[in-house]
Amino acid sequence: MWSRYRSLADEGVLGLNRRNGDYILKFNPRRLFPLVDDKLKTKRLALKAGIAVPELYGVIETQRDIRRLPEIVSNHEDFALKPAHGSAGDGIIVISGRSAHRYRTISGTLLAEEDIAHHLSNAINGQFSLGGVQDVVIVEAMVRFSNLFERVSYQGVPDVRVIVFRGIPVMAMVRLPTRTSSGKANLHQGAVGAGIDLASGVTLDGVVGSDIVTHHPDTSHAIAGLKIPEWETILDISARCYEITGLGYIGVDIVLDRDRGPLVLELNARPGLAIQIANRQGLLRRLQICEQRGDFNADTATRLDFAKREFKHPVGPMLDPKRIAA
Amino acid sequence: MNNRHIYLLAAALTVISVTLFLYKSRVLGFPLAPQEQRQVWNVEAAVTFEPGPAAVKATLRIPSLTPGFAILDENFVSRGFGLSTRFAPDGREAQWAVRQANGPQTLYYRALIYQDPKRIVEDTTPPFPAPPELDEPSKIALDGLIGDVRRQSADVASFTVELLRRINQGENDPYVSLFLEKRATPAERAELATIFLAGAQIPARVAHGIALRDQAGTVRPDVLLEVHDGVEWLYFDPVTLQQGLPSDFFIWWRGDEGIADLEGASQLDVTLAIRPSLFDAMLIAERRAEQADSHSADFSLFTLPIATQSVYAVLLMIPVGALVIVLLRNFVGVKTFGTFMPVLVALAFRETRLIWGFALFAVIVSLGLLIRFYLEKLRLLLVPRLTVVLTVVVLLMAGISVISQKLDLQPGLSIALFPMVIISMTIERMSIVWEERGASEAIQEGIGSLLVAALAYLVMGILWLEHLVFVFPELLLLVVVATLLVGRYTGYRLLELRRFRAFAKTADP
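Chains as they are written, first to last, in my numbering: chain A, 1 to 326; chain B, 327 to 835.
Only chain B is shown next, with the shape it has when bound in the complex (with noise of 0.2 Å):
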């Protein structure tokens, strides 16, 4: 086994939890930092209505493709009435019945969206146009309108702001002035350059959406006209003649007709409210590989149930302090009871925090010692002595809450978690060092371990750490890489250079 062995290796890893990192992250948007927050938008459709006698059905254009946006979540209120959602040719609509109804209703529709820019370019090419039915005299406006736009433009683009300032200036054009009454809405405005495009076979349709502001309250629905050029769709405002999608514009429906239609009722109304606020930027990441056809997300953490979750966002850390160690001892050299023990009281010290950490440890370890000693004294056999020990410190540990407990001491009750068995052996080892060796080398490699075990808590807490190996587990990869290059670091340890410090010639005396 040569190191090239061991380079390749690592650079193998490197490279498949890089890439799935880069991909989860840059692809799917799987967030970097924790608690990341995504600006998300409530949309609301209320649609009120006096319904009739009879029957009442109510039709309420509901987005589809919305270029620019993604719908993370979507739900219907609507006490009592029947309801289906379907593919119009225009878009998905929402169908709500009820046989019969009593007073003014009010049927709600609300999505949870989030801006999305590779969603811009989902929209399939459409057919060419059928040409417009009109009746002669129209037919021969609409050809000459055409041929005069046609002159003075030279691409799908220019075709259409010619013909929408045209359309603008309705009044004095001859043409225009054939088709439009006066003071017609921006929406109209926009229906009648379609059917002029699609004279000149040219796909167009009216989008009606609303602009996303940052605050919250009821707005008031846009139009814009899409026009198709063979390759994207293009988009127009029929006022401004701007061309090209506003980042904020949300479409909602396409095509000539209202937002909602009424069968059987009376006094539609309906209106539009959006209110921003943040959305866990997660749950937008998963949603999107959802939506990707990604497994990435199938087979994350996430899809877990939350307490296992939870479990292993503890579980996945453990590998980071225990790289601490590694460091640790084959860089530093550090002596400590037993290799992974530091890794365990760091884990404990979650609960505890440092201070009380440190001082729970010592307490329960020196008391542990101390009836150690005097077990030495009854002669008893190896294992039920660890078991007596073992028992001991367990009474310890809820001696101690209790007392805190009624002392008021809140860092008491998370002694729970402290690794009891992990705590008797080092007492047993401690004490075997302490005859063995001397207190003084039992204290220091105690006050070693509890170092170290510091070092692998403060490495394990940072939030943001946890955060990536979570999100990112191939991250611990990389883990794998670093601990197998250290396993082939046959250099110095930085306690070598004091214990070896004779041969230093350079060294100061």
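Bound conformation, chain A alone (with noise of 0.2 Å):
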């Protein structure tokens, strides 16, 4: 047990404790969370700096607000509903099409107006939300992701998260919905998870939980070697982010609109830590090589440089295949 845990040190992996005792603590300041906590305030600041977000269609705030749904979506045969404070994807349902009075998930299911109406007055209560405070649900558009990951994903939307250490990218990944997942880009739900190369934004193998996967178990095609498109928008992006928020350790979450381009799903200040695995490179030893070297005050193009410089080639050894097959 010593060993493997010299073994992680050693791959200079990031754990819960330290990611939250010497990151989050230390570079998130708490009174800056509800930026980023709640997703109409972080779409709002991402606007306001000409960062592009999935257009906001309306927002819900109270009971007497869930009538006029159909009213804000009548322009937009889909969409996407999502309760401003909901974490990992909870309570967010996409809708793809409808059909007289019923609307259509992106997965098939076919919801009544009441179905709906239940779902939206549970998130205003706050049943998605930490602590259950009341929330209000936003209304967007659906995105419509480009047709590189449609072979790599089964139904729901792949995102890139992007890990950025005071305004420097650090990690990043791209997310695949799974059957399993049940259309989600959420790993703790069985999406899979592909490292991405942050030079030139190729991906790597994925990872299911803790088990690395060449071929999307939906799909059937390999996942690793794919070049994500408009790579260079995305980090810039993401390095944005950063001066927006004021928040030192974040995950960016990007969507690749087919028309739009990279759209800012949510900001994350508690990002998770299996991009790790997913990447098969220790966080905590890029995180390290930023303090020692990175210049966190220079403009975005010199932190991106930096970044891909830095990071290009795997930090650590990467993982035997051999191994990785076993």
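Watch out, some of these pointers could steer you wrong.
Computed Cβ-Cβ distance ranges for the label pairs, DEER-style [what the hints assert, rightly or not]:
hint, chain 1, residue 1, chain 2, residue 2, range
1, A, Ile72, B, Pro745, 41 to 47 Å
2, A, His101, B, Val709, 24 to 30 Å
3, B, Glu702, A, Leu148, 57 to 63 Å
Cβ-to-Cβ under 7 Å is the rule here; a few derived chain B residues that face chain A [said to hold, decoys possible]:
hint, residue
4, Asn656
5, Phe699
6, Lys703
7, Arg705
8, Leu707
9, Leu708
10, Tyr815
11, Thr816
12, Tyr818
13, Glu822
14, Leu823
15, Ala828
16, Phe829
Derived from the structure by calculation, the hints contain no laboratory data.
Keep in mind the model is a prediction, meaning the values are calculated, not measured.
Note that the Cβ used here is the ideal one computed from N, Cα and C, for glycine as well.
With the hints as a guide, bring both chains together as one complex.
Here's what the structure looks like:
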């Protein structure tokens, strides 16, 4: 057990305790948390800074507002409902079409209007928010993800997660929905996570849970070797998210829209650690490289260059492919 | 806020906590183990007499300065008599008085005493005694004797021993035989010794006391000669000449007189009896703290009413249970529903015992979940839905209690303390996790919470620990210290070793 502890430390793996104690508590001031915990606030911040986000159709703030939903979405065939304070994708419903008075979700289930109303009412009452506080529901445009990912996702919207440390992107992965994750890009629920080389934007092999997979479990297409389009823009957006929030350690969730390009979905002040497994790289080592050599005050381009230079080649040894197979 | 700050704080808290703890346990003798018992003795003096026709006054000498022992409690039983206690030159006295009494009377004095080695040096240095008033031949004999003894001794102790030896051989000693009748009692010999010692300007007095044996029964008073050597009192057995205060010797009264006097009555008889027994060490420690003028006992939890005490005995264990949770979460990485929910469930287990607690928890939560899934169909708003679940949980508890009463199952009745609000919230959280993350994750987290609760219960159930934090609440500062240190532990959690096993080069495949 001790030897495993040592080898994790040697690999520079970031544990929860250290993430909380040395990074989140240190670089994410509590007063800034509402900026990212409330997706509506994040959206408005991003819009102000000229960062693209899914188009906002409307906000449902009270039980009375629920009746306004048909009116809000009257001009839109598809849309997404998101509790503003929801975490880990809880409470999100994506509607891809309608038939008569029913809504069809992206997974094909038909929902009656009262089903949706009940869901919205629960969300407003705080069922999906941390601590059960009153919440509002955002109605926004459904993302039409680019064809590239179609082969490696099962329903849902794949998204790119970039960890940004004081303005420097340090690690990235793409999250691919699977049947087990019921179309959600959430690793906890069984989505595939695949690391991305920061310098080139090319995907590596994926992981499900802690196990390495080379092919998507539902579509059977190879995961590694995909070049993420508009990678430069993605990195740029991520780095700028640090400036608009002031949070030093964030996870930026970005989706690729077929027509509009990269859109910021949400920011996370407590990004998870699974990204390390997806990249087979320890986050701690990269964070320490930033702390030793990074210039946090440089302009965005310099910071991106630093990230691409430092994290281009694997900082530690990659896993032996034979061991992956085993 | 760097780590040094935390270490300094932790060190300071540790010092405060340990110092208070040591003071209370070592100096005041607060017991370290629950139900620690100390040997105590009930001593009793029964004074019986035949009252005369007129007013009666009985005086009993009672313990005051008792080296090696302390009095925990004392009381007087004297129906119809007026009672007063006072300090006489030789010690305390109790005086009973009555205008008219009929038939034989018995008066009791009872005390509860315990050994307390710290009380040996409490006495003060006495003044030099006045030279005894004697007629001329006696005075010459006294001077001769003192001269002789002084020649054969080096200090107060050896002087006393030599003097007592001569008194014991009184018949043969030309000087002593002048003073001593044949067959003198040890008390009389000791008394004579005090006269001689007064002649030699050495303070001395006769101490009467009883030997505290392990057997109950009546005891006869013995005599010791107390001699002051200018620094401390020395004790001599006037018969065996042994020096030192026997550890079981309890000095009852001092002086030349008997233990009791009577006025207006006859046939005085005083019976002394002892009965050894065991007594709660805590009460003795408190008493000692009072005597030492220490405020630590004034502010102890034992000053609270008993009902409040028993609440605090439980409350003080909550931080200990919370520490268990902290360790399990931050070192092991166990996931639970709600941060402190397991502590509250563990508290409930105290009433129900573990197995029953498990069963009840499982039954209530699974029935609650069923109700919750049903309610989901009714599309209630969140707070009303929670209220319905809560009400159903309460009804379930009541139902279980009634059924177990019918079935004669005792543990079902102890359910009342089950934290129903917490359980309702758990049900709600569990059903959400169930829907969002699937049944397996919900059940896993539920079982995790239950195991953590069981562990917290086992730790909180250690009686010795409960006793320690109740008697020494300052030990909770150590819990704070441990939590502070865990709070800065940035290493891996045990379950992370598994989670990140893909990184471990040396791990087995």
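Here is how each hint holds up against the structure:
1. Ile72(A) / Pro745(B): 41 to 47 Å: holds, 42 Å
2. His101(A) / Val709(B): 24 to 30 Å: holds, 29 Å
3. Glu702(B) / Leu148(A): 57 to 63 Å: violated, 38 Å
4. Asn656: With a minimum Cβ separation of about 6 Å from chain A (threshold 7 Å), the hint on Asn656(B) holds.
5. Phe699: violated, 14 Å
6. Lys703: violated, 10 Å
7. Arg705: holds, 4 Å
8. Leu707: The hint holds - Leu707(B) has a Cβ within 7 Å of chain A, the shortest such distance being about 6 Å.
9. Leu708: OK, holds: Leu708(B) within 7 Å of chain A, min 3 Å.
10. Tyr815: Status holds, d = 6 Å.
11. Thr816: holds, 4 Å
12. Tyr818: holds, 4 Å
13. Glu822: holds, 5 Å
14. Leu823: Since the shortest Cβ distance to chain A is 5 Å, the answer is holds.
15. Ala828: For Ala828(B), the interface hint holds, since the closest Cβ of chain A sits about 6 Å away, which is under 7 Å.
16. Phe829: holds, 5 Å
The structure is inconsistent with the numbered hints 3, 5 and 6, although it conforms to all the rest.
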